[in-house]
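Engineer: What follows is the residue order along each chain.
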Amino acid sequence: MLTIGTGAGRRPPPNVRDMSSTPAVEAERLHKRYGPKVAVEDVSLSIDAGEIFGILGRNGAGKTTTVELIAGLRRPDRGAVRVLGLDARRDRARLRQVLGVQLQDATLHAALTVSELVRLYATFYRDPVPAGELIESVGLTASARNRFESLSGGQQQRLSIALALVGRPRVVILDELTTGLDPEARRQMWSTVERMRDSGVTILLVSHAMEEVERLCDRVALLDAGRVVALGSPAGLVERAGFAQRITFHAATPVPEGLLEGLPGVERVRADGGRVVVEGHGELLQAVSVALVRAGVVATETRSERAGLEDAFVALTGHRLGAEEEDPR
Amino acid sequence: MTDVTAHRPGPRAFGTLLVCELKMVARDTAGLIVPIGLPMLILVMNASAAGGQSVGNGRTALDVYVLPLVFTMVAATTGVVNMPSFLAYYRRSGILRRLGVTPASPLMVLVAQAAVGVAQIAVGIAAAWVLALLAFGANPPVRAGAAVGVLALMVAAMYATGLIVAALSPTPNSAVAIGLTLFFLLGATGGMFGGRDSLPGPVAAVGEWLPFGAGVEALSAAWAGAPVQGAHLIGLAGCVVVGTAVASAFFRWD
Chain A
3 MLTIGTGAGR
13 RPPPNVRDMS
23 STPAVEAERL
33 HKRYGPKVAV
43 EDVSLSIDAG
53 EIFGILGRNG
63 AGKTTTVELI
73 AGLRRPDRGA
83 VRVLGLDARR
93 DRARLRQVLG
103 VQLQDATLHA
113 ALTVSELVRL
123 YATFYRDPVP
133 AGELIESVGL
143 TASARNRFES
153 LSGGQQQRLS
163 IALALVGRPR
173 VVILDELTTG
183 LDPEARRQMW
193 STVERMRDSG
203 VTILLVSHAM
213 EEVERLCDRV
223 ALLDAGRVVA
233 LGSPAGLVER
243 AGFAQRITFH
253 AATPVPEGLL
263 EGLPGVERVR
273 ADGGRVVVEG
283 HGELLQAVSV
293 ALVRAGVVAT
303 ETRSERAGLE
313 DAFVALTGHR
323 LGAEEEDPR
Chain B
14 MTDVTAHRPG
24 PRAFGTLLVC
34 ELKMVARDTA
44 GLIVPIGLPM
54 LILVMNASAA
64 GGQSVGNGRT
74 ALDVYVLPLV
84 FTMVAATTGV
94 VNMPSFLAYY
104 RRSGILRRLG
114 VTPASPLMVL
124 VAQAAVGVAQ
134 IAVGIAAAWV
144 LALLAFGANP
154 PVRAGAAVGV
164 LALMVAAMYA
174 TGLIVAALSP
184 TPNSAVAIGL
194 TLFFLLGATG
204 GMFGGRDSLP
214 GPVAAVGEWL
224 PFGAGVEALS
234 AAWAGAPVQG
244 AHLIGLAGCV
254 VVGTAVASAF
264 FRWD
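Those protein sequence lines, which keep their order, are chains A and B.
Take any residue in the first sequence, count from 1 to its spot, add 2: that is its number in the working numbering.
Take any residue in the second sequence, count from 1 to its spot, add 13: that is its number in the working numbering.
A few of these clues could be false.
Pulled a few chain B residues facing chain A out of the computed Cβ check, cut under 8 Å [unchecked claim]: (1) N59; (2) R156; (3) R265.
Which residues of chain A face chain B? A few of them, derived with a C-beta cut under 10 Å, are [said to hold, decoys possible]: (4) L86; (5) R96; (6) S193; (7) Q288; (8) A289; (9) S291.
What the simulated footprint calls covered on chain B by chain A, stretch by stretch (three residues with Cβ under 8 Å from a Cβ of chain A suffice, anywhere in the stretch; the number is not a length) [claimed, not checked]: (10) 79-88; (11) 109-117; (12) 185-197.
It should be emphasised that the hints constitute simulated quantities derived from the structure, not laboratory data.
Even glycine gets a Cβ: it sits at the ideal position worked out from N, Cα and C.
Make the full structure from the sequences, and use the hints.
Structural biologist: Below, the structure written as structure tokens:
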């Protein structure tokens with residue numbers, strides 16, 4: 003149903019990566035500092051045409067600066083960015099036609115309506131998506147005559163995405179797409195992004211929401227203190243966390259020494275008072291349960307989790323994603 | 014990938030932006046009332062008394078003193094107070110940054126804003142003029158051409174002053190505060206609270222060179238049919254040059 007995106011003739015087939023062609027986005031050894039604070043240090047990225055590429059990191063890790071460098075909004079102290087073969091600074095005029103950007107925290111003319119804003123931004127591009135069609139594609143038809151300031155957070159966000167797509171871009175940057183949205187609005191937004199990708203658009207998604215990145219991205223770069231600390235598919239990164247599953251339970255009586263360590267698949271056991279954490283792979287839950295029952299240990303509040311990006315993030319950076327870094331700006 | 018060609022938004026984009034900026038201003042009620050309502054109030058308060066005092070050449074004190082003051086106030090409130098606060102708000106809220114990633118140049122926004130401001134000033138002056146004409150029997154300037162020329166130069170000078178405020182104020186709130194302070198300073202030294210004759214000598218002398226005082230004096234001269242003094246024109250033109258230079262050196266889009 004979503005027909006926005008590039009013109010049919012120019013569009014690469016979805017999900018097909020031609021490794022021999024120019025990457026959609028190529029950032030080479032980017033450096034950027036604000037005063038004494040280094041915001042981005044030696045960041046290199048290569049994003050293939052047609053993929054959803056995620057940049058994941060805590061607040062202040064340098065995500066937004068990286069995006070601004072790629073969008074040509076700021077000049078890197080060192081390094082270069084090419085988007086679709088165009089230099090982000092020198093070829094800005096041409097780049098603006100093919101790069102759609104949704105900026106974090108950028109609001110729009112507050113007193114203008116959805117329809118007025120879409121029509122305004124449409125006039126900036128050579129071959130814009132018709133306003134009505136675009137508004138419908140992000141589900142704002144019923145609010146088309148409402149002013150920007152009267153829209154809900156989710157509606158404002160959807161309008162912001164619509165404006166990023168109005169020029170039929172071939173590359174789209176989405177910065178903190180779903181921050182502040184309720185779960186329902188988030189899921190809608192994710193479907194919108196997936197439809198965008200299906201129409202052949204290359205997407206750079208900046209996020210600090212694990213779930214979002216795990217669900218949407220083909221590849222992810224983990225950014226920490228301005229550096230890329232890991233790069234790969236979400237599954238690949240999780241694998242690097244070193245375990246696949248984690249069982250957590252409360253033991254009413256002490257667990258006999260060595261009982262769990264010897265079980266098949268168990269890699270690590272940590273006990274803290276009555277709380278026991280077992281990490282490993284395979285049929286972990288069953289193995290642990292059987293062993294506990296045989297030993298006569300009553301386990302309560304048993305939880306079993308698959309390892310996720312969050313665990314990978316902790317393993318790779320040494321801190322949790324929710325914690326904040328000092329903002330470099 | 015050399016198939017991408019540049020496409021600069023043309024007159025149609027500018028026209029749409031202009032209409033959008035007009036709507037923004039029209040929907041900001043407070044911003045409309047001050048520049049149009051305040052000068053009208055001054056006019057009404059002074060018109061009856063001044064309308065009867067003849068100052069020669071068939072003109073009254075209303076024509077020669079009150080109307081130039083009222084017109085200058087319209088230009089100053091719009092140029093020095095409203096325009097910088099709009100720009101500061103655009104910068105703070107990220108509107109300019111957002112436009113910066115489209116093919117539209119942020120300069121287009123600046124020009125559209127200026128055009129909207131000029132329209133606002135034109136409406137304010139027209140409203141005051143019609144009121145003075147119909148209700149208080151005002152007379153047109155003796156040298157109409159000179160009056161129009163001075164008016165245009167004065168509006169440019171007020172805008173240039175506003176650009177300095179926009180370029181140098183760190184936040185939207187400070188832009189409003191600095192703009193208002195500057196407006197009252199310029200107004201006070203330029204005769205807004207009574208003739209400049211009652212000001213201390215040095216203050217009056219400086220005020221005569223500043224855009225408010227120079228604007229009122231030059232407009233007053235054109236209205237009375239007297240030659241416009243070179244000092245006033247130099248003061249206004251100098252303000253345009255300095256304002257443009259400061260703004261282009263210090264203005265930031267984000």
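Engineer: None of the hints should be skipped; say for each whether it holds.
Structural biologist: Right, here's what the structure says about each hint:
Checking B:N59 against chain A: minimum C-beta separation of about 35 Å lies over 8 Å; hint violated. Of the supplied interface hints, the one on B:R156 is violated, with its beta-carbon coming no nearer than about 41 Å to a beta-carbon of chain A, more than 8 Å. For B:R265, the interface hint is violated, the least distance from its beta-carbon to any beta-carbon of chain A being 12 Å, above 8 Å. Taken as an interface hint, A:L86 checks out: its beta carbon lies about 5 Å from the nearest beta carbon of chain B, inside 10 Å.
The beta carbon of A:R96 is positioned within 10 Å of a beta carbon in chain B (closest approach about 5 Å), and the interface hint is therefore held. With its C-beta approaching chain B no nearer than about 24 Å, A:S193 sits outside the 10 Å limit, and its interface hint is violated. Taking 10 Å as the C-beta contact cut-off toward chain B, the hint placing A:Q288 at the interface is violated, the least distance being around 53 Å. Because the closest C-beta pair between A:A289 and chain B is about 54 Å apart, greater than 10 Å, the hint is violated.
For A:S291, the interface hint is violated, the least distance from its beta-carbon to any beta-carbon of chain B being 54 Å, above 10 Å. Only residues whose beta carbon comes within less than 8 Å of a beta carbon in chain A count, and the segment 79-88 of chain B has 0; fewer than three means the coverage is violated. Counting residues of the segment 109-117 of chain B whose CB lies closer than 8 Å to any CB of chain A gives 7, so the stated coverage by that chain holds, three being the minimum. Given as covered by chain A, the segment 185-197 of chain B fails the check, having 0 residues with a CB less than 8 Å from a CB of that chain where 3 are the minimum.
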